[in-house]
Amino acid sequence: MDMISPKNAYAQYNNSRIMTASPAELTLMLYEGAIKFVNIAIVGIENEDNKKKCENIVKADRIIEEFQLTLNDKYEVSKDFNKVYTYIRQRLLEANISSDKEILEEVLKHLRTMRDTWKQVMEQNAGNGTKVS
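Per the working numbering, numbering through the sequence shown is continuous, rising by one, with the last residue being 133.
Hints were generated in silico from the structure; no laboratory data involved. For each residue, glycine too, the CB sits at the ideal point set by N, CA and C. Among the hints, a few may not be true.
Dumping the calculated DSSO-like pairs for lysine-lysine here, alpha-carbon to alpha-carbon at most 27 Å [said to hold, decoys possible]:
id	residue 1	residue 2
1	K101	K51
2	K59	K83
3	K79	K36
4	K109	K36
5	K83	K109
Cβ pair distances, simulated, as ranges [unchecked claim]:
id	residue 1	residue 2	range
6	E76	D49	35 to 43 Å
7	N39	V121	22 to 30 Å
8	A21	E48	31 to 39 Å
With these hints in hand, go ahead and build the complete structure from the sequences.
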């Protein structure tokens, strides 16, 4: 009988969750991922672990970059989102160079606000049958 390790079982579950998620759910997962990586980078700064800090800032930056690349220019609000994403990416770069935890805490506030707003949009649209993508 094959035994699946808890780590492998979680990886399989997480992969299944990603593969079956709607575009709106994937966006929410990406916000959660960016928040997680920024939190890990903060721990890296606190522990003077430059590698952990750098790797996780880069991971968060890649998520934000992906958000920028997938913006739909036909909507005016996309320009506003692009400005916010550009600002966040600039702050991530500054935090990576300076190892300034306060900058990352500022980035977290922005990401949490954006995530929470996205959740509200998803909930409102679920209530009226509209799909968010």
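Tested hints:
no., hint, in the structure
1, K101 - K51, "15 Å, holds"
2, K59 - K83, "20 Å, holds"
3, K79 - K36, "26 Å, holds"
4, K109 - K36, "13 Å, holds"
5, K83 - K109, "16 Å, holds"
6, E76 - D49: 35 to 43 Å, "42 Å, holds"
7, N39 - V121: 22 to 30 Å, "24 Å, holds"
8, A21 - E48: 31 to 39 Å, "37 Å, holds"
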